[in-house]
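There are 4 protein chains.
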Amino acid sequence: MSGNTFGHIFRVTTAGESHGPANIAIVDGVPPGLSLSEDDLQPDLDRRRPGQSKIVTQRSEADTAEILSGVFEGRTTGTPIAILIRNDDVRSKDYSEIREKYRPGHADFTFDRKFGFRDHRGGGRSSARETVVRVAAGAIAKKLLQERFGTRIVGWVAQVGDEVASVPDPTSVTLDAVEATPVRCPDPDAAARMIVLIEQVRAARDSIGGIAQVCATGVSAGLGEPVFDKLKADLAKAMLSLPAVLGFEYGAGFGVATARGSENNDAFVPDGDQIRTRTNRHGGMLGGISSGMPITFRCAVKPTSSLPQPQDTVTRSGEPTTIVTSGRHDPCLLPRFIPMAEAMTALVLADHALRQAAR
Amino acid sequence: MSGNTFGHIFRVTTAGESHGPANIAIVDGVPPGLSLSEDDLQPDLDRRRPGQSKIVTQRSEADTAEILSGVFEGRTTGTPIAILIRNDDVRSKDYSEIREKYRPGHADFTFDRKFGFRDHRGGGRSSARETVVRVAAGAIAKKLLQERFGTRIVGWVAQVGDEVASVPDPTSVTLDAVEATPVRCPDPDAAARMIVLIEQVRAARDSIGGIAQVCATGVSAGLGEPVFDKLKADLAKAMLSLPAVLGFEYGAGFGVATARGSENNDAFVPDGDQIRTRTNRHGGMLGGISSGMPITFRCAVKPTSSLPQPQDTVTRSGEPTTIVTSGRHDPCLLPRFIPMAEAMTALVLADHALRQAAR
Amino acid sequence: MSGNTFGHIFRVTTAGESHGPANIAIVDGVPPGLSLSEDDLQPDLDRRRPGQSKIVTQRSEADTAEILSGVFEGRTTGTPIAILIRNDDVRSKDYSEIREKYRPGHADFTFDRKFGFRDHRGGGRSSARETVVRVAAGAIAKKLLQERFGTRIVGWVAQVGDEVASVPDPTSVTLDAVEATPVRCPDPDAAARMIVLIEQVRAARDSIGGIAQVCATGVSAGLGEPVFDKLKADLAKAMLSLPAVLGFEYGAGFGVATARGSENNDAFVPDGDQIRTRTNRHGGMLGGISSGMPITFRCAVKPTSSLPQPQDTVTRSGEPTTIVTSGRHDPCLLPRFIPMAEAMTALVLADHALRQAAR
Amino acid sequence: MSGNTFGHIFRVTTAGESHGPANIAIVDGVPPGLSLSEDDLQPDLDRRRPGQSKIVTQRSEADTAEILSGVFEGRTTGTPIAILIRNDDVRSKDYSEIREKYRPGHADFTFDRKFGFRDHRGGGRSSARETVVRVAAGAIAKKLLQERFGTRIVGWVAQVGDEVASVPDPTSVTLDAVEATPVRCPDPDAAARMIVLIEQVRAARDSIGGIAQVCATGVSAGLGEPVFDKLKADLAKAMLSLPAVLGFEYGAGFGVATARGSENNDAFVPDGDQIRTRTNRHGGMLGGISSGMPITFRCAVKPTSSLPQPQDTVTRSGEPTTIVTSGRHDPCLLPRFIPMAEAMTALVLADHALRQAAR
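Chains as they are written, first to last, in my numbering: chain A, 946 to 1304; chain B, 946 to 1304; chain C, 946 to 1304; chain D, 946 to 1304.
Chain A with its partners taken away, still in its complex shape (with noise of 0.2 Å):
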């Protein structure tokens, strides 16, 4: 009812607020005997955390992440796994102003429609902070889908303003071209242009949108489900769940719109005893039922709402303001917003896997 709990199997409850004494996660329906400890969350952890380069915000968070049920002797128990995350550096008098002033492209104005109050810290629990469990629950269901499914999910950054990464073959991206470069494009030469658009945007006081890319491979035909579940339907909520989100497609995306079924269409082909499709147009999913061929998606990102230049805005009460937002943000969303997009795609690949399996 309150949209704080995601996924019927594998099943994620969330609590926190950005500024409060912390995040928490309950993760059930994790099956029982998965090996797993706090060092399996941290990778991710650690790539989704503010201040690993120059080109992300430097709130300094160790985000260290603590099991506190459902793990026994280094393994799961199948009953539910509780993770916490204490908000180390809340420096709350950074955000004394917002408590008046509506910021432009924040929720600050529809959480005091909503709930006619708010705890106005950071942007309490409509911050980007909230994702910190989301990534430490999706470190799990990765785990899972690897240990158990032999599905692996890599995301990056596809493009960013008008530099476009060139990636011909989205099945062979690793995780090592990604991490290569702090902007998470395993293209280096426009990696490279990123980075220089992001420091131009920065200095100009301004941030800067972009798309980023799922690819997940290794997973079998079958998963999804046949009218409101569908796989590509969950994906789509999975991503727009995600802050500053404005956009998803897979696939041939919105390139359909102007294609003729007969360019369209994947044709069958025999692939030794197995079926797949020639090509991949519809993105491993038919149906709204994966196919068997790898999954593909990319998600639209809007540019940082939170600017260190004056923007005309309201009070509480309705009058007019500007304001200034100084807090520490990242002027690109996009290679932090990487690991996020992983960890949801791994929540809904999870959850339709044992539901599958329940078959």
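Mixed in with the good hints, there may be bad ones.
Unchecked claim - Just some of the chain B residues that point at chain C, by a computed CB distance under 8 Å:
id	residue
1	H953
2	R956
3	T958
4	E962
5	P966
6	A967
7	R1020
8	G1023
9	I1026
10	A1027
11	F1060
12	G1061
13	R1063
14	R1070
Since the hints were made in silico from the structure, they are not lab data. Ideal placement from N, C-alpha and C gives every residue a C-beta, glycine not left out.
Please build the complex by placing chains B, C and D on the supplied structure of chain A, with the hints as guidance.
Using the frame of chain A, we list chains B, C and D on its own:
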């Protein structure tokens, strides 16, 4: 679990196959006291119905809904409303070939991988036939939204192939303007070109994709939940749950990729004793919660997969073959997609309106 | 939210009023490949049907189910199964008085307080008529349990008024023994006394309560979830969701109040290469999870509230009056309660069996 | 699916084992603006806490709750409230024997059958330790019910072994009267006898069962849903979800078995401009919906399964053995059961109050 239910408070559960006896929806959570009869469902069912014009399929179904429960003396009672729509014009003989061959672009292959067994006739449960009861349920949601919340939803065809409609003000599009042409495009010039294109495509035994747009006005601020059940997330899921949709974007959509924050943010301005934004690049949703501005989004719809020309594929046992889909199929799905998109939009908004009212 | 859906994987959603056009169930989550037709539903529908014998109400409904979806060529497809049961013998004239007067023991008053408006005819949705589709859904669950899991469920009348059945071994009760008498008590002597008592009560224009017992055998160990969804909790909910039930107890039940731990605990003992308990005071559930021992429980069922004698009550506007319920009502609900109790038991066990199989 | 979540609008998700680092609850759906701090949780945590008196176990846990989210400046924000309770006094050494032997009456055996693997220390997730966060969540529900709905919940020990309390008017029982004795029985004479009995049982290295009663007053008419989510069904589930409960009855309970309808029905009578019933054999619920009369029900609680005397059992590999449970255990569970029963009652009533308010 099986994904045949949609929504939390306003909640729809459906059943039915393309060529089974009937399609059924149970619509739960409709507040008591709403005046309702079958006459309220018929207009949208007629808009969705095959055979309305020469540019859509000629399958002639009456698509007459019977309300079996939840209405007493012309008013809803607050108990669940069951809707029954019999499948009249079921010509199973048309579909015998697809028992053994996988149609490219369809769910035949993935259903077999999922269930090991399927009702192949007309695509069974994967057929767009199942949307008939979504449209009926959506008509109830629309009525509730209009009468209790003052919300109005209109969808139209924004693009077919390269033919793009010019709609300077989405909020001014009326149902009458949409229904003025069989292609459901409110720009008469573009509509004429689209119709020509669709006829050309049909003559070429091919099909063509396009883009649908939806605008909802009169949506009060505060709808949507902060984290997973963001309004944008649920709209994205709703749209991607429809057959043939490969992309979703709201507000500035994929255009944000090349935008700077300073140009993308919508400034808040006073509006009498209310607050609104000067522009609406945020498509009526901030932090995933409605802002009171019009909600606008677009969906990419692929060209019809069924084609009356030979396509390469394989049999169930993996032997290469070709298939010609000789059934009655629209060369362009967009016109009949509009009532489906409106219906799913209505289901999402009705559910979130009631969820927020519950606060 | 509105409580018209039951179960998680094996999931039933119902709709329908006593005197509306029909009652409907959508049964979701039935695995593909189960052989199924309307013939599988009829026996239990007949057991529940009014008018079977002189000790039950004479309302004559055919109660013929039509399966509208989810079955193809005699087997389930894995898609939702819709069941339609028309209400044939609807004599609305019998119920005009209760539009204005609240029947003692019925839900007329509470429905008005809840919805502000109700379909008063025959109790509308509060009537036990709605259980007809629960029984149909339960028949599918029973078949699944028997064929896939080897589970068998039998219920019987254990007590009517002061007449108590002697059933030394609950696991030996057969359906034939239960069906041998119209009162559904497998102890023939007690059955005879119960019938005499029911006839006496009817002659006195009164009604009488009783106790039903259910035993499920062949339930493998491990069903039920550790915390909120304990198997005992879901069985209790299932039973209390049936009309007229005021109590539930399993195993030693309320008898534990006066027991010492040393006599109440069931010792574990080896049984070949298996483990079982020496006694079964725990009714087949420990920690809320099935132990592999037979599951046994009992329900207290109140005397029929509708009485053909004057009862004090008030009108909708609060004026004191009396009411004589002249309709066709059973003087004792127990015989027709048995198939309802079995059906709800089957829904719970099928759901938990599939939930556990999902592990 | 895994049953670690309870409720629909007011919704609690829990995690934690007896001897893990902590127990955690995420309480979702609490309306914004309720004043709340840890001080509101402590009284009931103290009532549930071990070691309060010599008749309960001496395990000394501080059971101090920390609120990690959802509260800002002393008021709830409408976002989820995470509660953390560390497990302080964890003596794992006490529990090494039960790794290999199945304790009679406990869930050791069924957990192994379910998960194939378990955290054996102190029962792990099957321990009543998990109720500590239910009690904390229940304290929030109680506060909401009292402040927003005027509802008050009191539970007490009605029976221990053969010692039965005399409570002529359940609605007059006060928290003070309940807390006046360590056995939580408001009848002082019976309380004295119960204490003597419990001491005798303890001296005999045995345990004893009993009956708890709960009364909720100030519950407005209209709570509960007509079919599966009847209020009585959800209360039954809530109570049976608690450890050691084998029976539930409300109102006249099992006494209806021998009652005639003419004596069992509660006549409606005017009460000023309201309507109530003359008697309350229906325990405040008709058709599963609250009538506005006090809600009363009783639970049968078994004697503690852990006994400091030898009991027959088997090892994990099925070898016969005996076990003496030497840990710290209450000889009678009833006194500490009361706050648990009240908490679960509060969760059900808060959820249904909000569900009805959503109408």
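Hints, verified against the model:
1. Below 8 Å, beta-carbon pairs count as interface contacts, and H953 of chain B has one with chain C at about 6 Å; its hint therefore holds.
2. A least Cβ separation of about 7 Å between R956 of chain B and chain C falls short of the 8 Å threshold, and the interface hint therefore holds.
3. Against a cut-off of 8 Å between C-beta atoms, the interface hint on T958 of chain B holds, since the closest Cβ of chain C lies about 5 Å away.
4. For the restraint placing E962 of chain B at the interface with chain C, the shortest Cβ-Cβ distance is roughly 6 Å, inside the 8 Å limit, so the hint holds.
5. A cut of 8 Å between beta carbons decides the hint on P966 of chain B: the least distance to chain C is about 5 Å, and the hint holds.
6. With 8 Å as the threshold, the beta carbon of A967 of chain B comes within range of chain C, its nearest partner Cβ sitting at about 4 Å, so the hint holds.
7. Given hint, R1020 of chain B at the interface with chain C, holds; its Cβ is 7 Å from that chain's nearest Cβ, closer than 8 Å.
8. Given the 8 Å rule on beta carbons, the hint for G1023 of chain B holds: about 4 Å separates it from the nearest Cβ of chain C.
9. Interface hint at I1026 of chain B: satisfied, since its Cβ lies 7 Å from the closest Cβ of chain C, which is below the 8 Å cut-off.
10. Because the closest C-beta pair between A1027 of chain B and chain C is about 4 Å apart, less than 8 Å, the hint holds.
11. Nearest Cβ of chain C to the Cβ of F1060 of chain B: about 4 Å, under the 8 Å cut. The hint holds.
12. Satisfaction of the interface hint for G1061 of chain B is found here, the shortest Cβ-Cβ separation to chain C being roughly 6 Å, below the 8 Å cut-off.
13. Evaluation of the R1063 of chain B hint against chain C yields a held restraint, the C-beta minimum of about 6 Å falling below 8 Å.
14. The beta carbon of R1070 of chain B is positioned within 8 Å of a beta carbon in chain C (closest approach about 4 Å), and the interface hint is therefore held.
Comparing the model with each numbered hint stated earlier shows that all of them hold.
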